[in-house]
Amino acid sequence: MTAPNHNWRKFKNTFMQTLTFACAILVVTPLVLVFYHLIKEGLSSINLAFFTQLPKPEGEDGGGMGNAIVGTFVLLAQAAVIGVPVGVLGGVYLSEYGGTKLNWWIRFAADILNGVPSITWGIVVYALMVVPMHGFSALAGGVVLGLMMIPLVMRTTEEVLQLVPGGYREAALALGISKWKTIVQIVLRTAMKGIVTGVLLALARVAGETAPLLFTALGNENWPHNLTQPIAAMPLQIFAYAIGPYNDQHRQAWAGALVLLLLVLFINIGVRFLTRDRFKPKT
Amino acid sequence: MSTAANNPNTALTIRNLAVYFGANKVLKDVSIDIAARAVTAIIGPSGCGKSTFLRALNRMHELNPEARMEGEIKLFGDDIYSRNVEPVVVRRRVGMVFQKSNPFPTMSISENVTVGLRLNGIRDKKILNERTEQSLRMAALWDEVKDRLHAHAISLSGGQQQRLCIARALAVQPEVLLMDEPASALDPLATSKIEELILELKKEYTIVIVTHNMQQAARVSDFTAFFYIGELVEFDVTTKIFTSPSKKQTEDYVTGRFG
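Chains as they are written, first to last, in our numbering: chain A, 8 to 290; chain B, 1132 to 1390.
Excised from the complex, chain B in its bound form (with noise of 0.2 angstroms):
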């Protein structure tokens, strides 16, 4: 652990992180280091604070004005929490995508993509149709929206529309990506999508996804986090987790014994 902070194959390097909404302790004392270029799952029954541990990595859980945190959050060796840094230059390098997909409803396709950019000063034309194209790639979606990239974002399917908001992510070129449930208002068909695309993100993002389905965790994830009531209980390569955990909480939720 000691060695993890300097290290670039860790992405995030998270100490003791305590989260308060008011006077409730919803996160205790969380260390964790994040891999970089690898996928982290994060499981746990509902109200264990997996969610809020993602939206504290990109400081979106000030949204909350009753929200607080103690400890510390690194990127790439990078305090995200120092005084002099503003929240929306954190939120520019830790994209997130949620749970249900939010494609700007007023936006064509290829507005959604840009639009991080160009509310971000971004004018350049040439730019702004390359990192386009190389977005919705990257989203497995070029080839189905290339001819319609001004058709309105919300004549999508459900799945392309998840896809969509990837490629809105990606489209920032963040370094890290918080994914909330992303896949668990979908079919399976489009959750299947949504997983290989997770896989080959990975190759050159770090991933960290929230996840109510253990075969998804287990399916997509190279280490995983167990969460319970605002604890981490247990952190380590998925198929260890999956196959032999260490601790009893930990073996009783991945065989289906609670939660």
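Next comes chain A alone, as it looks inside the complex (with noise of 0.2 angstroms):
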């Protein structure tokens, strides 16, 4: 009776053992699927003139989306510029000074934004910028951008500085170091990889934002010059040329995403490398 019963149990382990690793695997396919058709279908389309120059009319075959590379980073440029500053304070208020009860509200509302649809964060900006200045412009793109960034900088700035240990804050109190100079110089200080690892992954994620930016850069063929202006994005321009009906185009659609797929890709190698001894023993 024991044999059959021992196999038995040594085919459920073996069993879920192998299913638990065909769904870890099935896990990473999608990534590797992902890039073999970006750079199938877009590698070829890679060249100096993608970087460096303008769309050419439609139905032409050449030019490149440098101005929608350029717009991308002016668009993150402004969002930081909101994001970061709002983000890192309310994260500092909610971690050094907030109540309890407070508290608790502030990071509800924070959960609550990060699940808010991109597409609502774009008609919500759209009604309050886009329809009163009278058009689409890069700052309303920036703000939106910005806006997302927020409660995404705001949570993971808490988290680090909750990370630092109480004895650094006390120890500084006990020099006579006020309390906002012991957060300054001490707190932040010792958090800042941390911090900068959070704005980076919230830049990494608005960066390929599409639906929010159709409500408020709106996209444009040219140069960006000026922030009140429509100005070009890579998700715009893949988009617009995704479901374009030229050959060109698609190629050069691929090439975009590969593009915004390997400044993400960056992105996250320049978090490890920074997170890389984040936790090494301190004392």
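By construction, these hints were calculated from the structure, which means they are not laboratory data.
Predicted model only: the values in this text are computed from it and were never measured.
Some hints could be false.
[As the list claims (entries may be wrong)] Taking lysine-lysine pairs in the BS3-like style, the calculated list, with each CA pair at most 27 angstroms apart, reads:
1) A:K188 - B:K1256
2) B:K1231 - A:K188
3) A:K108 - B:K1156
4) B:K1231 - A:K200
5) B:K1256 - A:K186
6) A:K186 - B:K1231
7) B:K1205 - A:K186
8) B:K1257 - A:K188
[To be verified] Listed below are several chain B residues computed to face chain A (Cβ distance under 7 angstroms; list not exhaustive):
9) V1219
10) M1227
11) K1231
12) F1235
13) T1237
14) G1247
15) L1250
16) R1254
17) V1303
Using N, Cα and C, we set each Cβ at its ideal position, and we do this for glycine too.
With the hints in hand, could you dock these two chains into one complex?
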């Protein structure tokens, strides 16, 4: 009686192990598929012109999306200007000042905001900025991405500040250093890597947003020159080309998607680099 | 006791001190005079309120929003709980060293020493350099680190880190130094260095040290206070506490019968 029972257990064990392994592989398969497709379809269109030239008129081959690449960086810079200070200072409040009850509500609101669909952000900023200003603009695009960054940056900032041992705060306060200086010079400095990591991840997250930009930045065939005018952005250009009728547009869309993915990938590698010794014991 | 209030040999005059955390009274009616330029040890079993007592002396217990105190503490005659006294100012006069050494990991050895001065507005390089050497010498660390003042503070050993923390506290030139079990995380050799240092420092500073180590209290202190469940049981000259205490509880504790 014992032998078959034992075999049955061994079988179950092996079966479950294989199943979980298969699922783990399944998780990374999409990444491989995405890369494979993007490289296969897009790599041939990546050349110097792709990074430096404007799009050619409809139907003409060649050209590039230099304006969209610059536009994406302009939008991200604006988003950072809005999202980083507000997010970091909000996180400082949650971690260093706030009372338990109020903090609970602020965290709750931030978590809801993190789950708001990006198209909703787009419509709201459209109604609040684009309509009153009588036009789509780079500014509105920066604002919508910045607003999306705030709750992300705030929550990660709070989390990394909580990782700073209380002993450092006590040591500073016991030296007669004021609370604000303790926060800026001791707590924030100690947590700097973590905060930069949070900011980079938030930037990576909004870099690929398309829907909110359709309502705000709109897209542009020319180089960015004025923040009150519509601006090109990589996700918008990819969207426009992907639904366009010409094969060369499709190829460029693939190339754009590849470049966008590489941008996000490099940000993530940068984050790994920054955080490589974050959990080294500090004593 | 009545003459102690304005006696220059008395650093801290504590009268009827009680500390509450919420509804919980952790210190009850403590009155004690801490002698200037001497070492006063606070002993007692865990939870007896000795750390709370220490932290009330530089208002560090106020970091707990639930904390509330009654009574009076005077530092060389100044009421440190007076309405117009900022805790920040009290803490500059009454420094503190903690159980776990906590040099700031983002700063070099010299930056750690001068941080209290720099963040209180002292920029003069000459003063900062002078104070760095002076403080490190007082903390008996200068010879070990003088060639690597710009190395990371966390590259030091545990005992060195604790002496760096003492140097950091000394650099702001406090009048009193509070030490909360400063050697309990250190090995015997590092501990004996800290003890030698304490004996050296008492020539210029008033030191109050909380310790779990009875031998340490006997070795380094001039006066000893025994706390038990939030009350001051006995306070006397150290040799008396350890040889012929007047209370039975004290005797039981120092002879190791409980605690």
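Each hint tested on the structure:
Our distance criterion of 27 angstroms between C-alpha atoms is met by K188 of chain A and K1256 of chain B, whose separation comes to about 20 angstroms. Between the alpha carbons of K1231 of chain B and K188 of chain A the distance comes to roughly 22 angstroms, so the proposed pair stays at or under 27 angstroms and holds. Taking the CA atoms of K108 of chain A and K1156 of chain B, the gap is near 25 angstroms; set against the 27 angstroms cutoff, the hint holds. Distance hint between K1231 of chain B and K200 of chain A is fulfilled; the C-alpha atoms sit about 24 angstroms from each other, no more than 27 angstroms.
Restraint check for K1256 of chain B and K186 of chain A: satisfied, since their Cα atoms lie roughly 25 angstroms apart, inside the 27 angstroms limit. With a CA separation close to 21 angstroms, the supplied pair K186 of chain A and K1231 of chain B stays within the 27 angstroms bound. About 24 angstroms separates the Cα atoms of K1205 of chain B and K186 of chain A, which keeps this hinted pair within 27 angstroms; it holds. Of the pairs offered as hints, the one joining K1257 of chain B and K188 of chain A holds, with about 23 angstroms between alpha carbons and a cut-off of 27 angstroms not exceeded.
Hint on V1219 of chain B holds. Least Cβ distance to chain A is approximately 5 angstroms, under the 7 angstroms limit. Interface hint at M1227 of chain B: satisfied, since its Cβ lies 4 angstroms from the closest Cβ of chain A, which is below the 7 angstroms cut-off. Annotation: K1231 of chain B was flagged as interfacial toward chain A, and the flag holds, the nearest CB pair being 6 angstroms apart, inside 7 angstroms. Interface hint status for F1235 of chain B: upheld, as the beta-carbon distance to the closest one in chain A is roughly 6 angstroms, under 7 angstroms.
For T1237 of chain B, the suggested interface contact is upheld, since its CB lies about 5 angstroms from the closest CB of chain A, less than 7 angstroms. The beta carbon of G1247 of chain B is positioned within 7 angstroms of a beta carbon in chain A (closest approach about 4 angstroms), and the interface hint is therefore held. Hint on L1250 of chain B holds. Least Cβ distance to chain A is approximately 5 angstroms, under the 7 angstroms limit. Violation of the interface hint for R1254 of chain B is found here, the shortest Cβ-Cβ separation to chain A being roughly 14 angstroms, above the 7 angstroms cut-off.
For V1303 of chain B, the suggested interface contact is upheld, since its CB lies about 6 angstroms from the closest CB of chain A, less than 7 angstroms.
Going down the numbered hints, you'll see the structure goes against just number 16.
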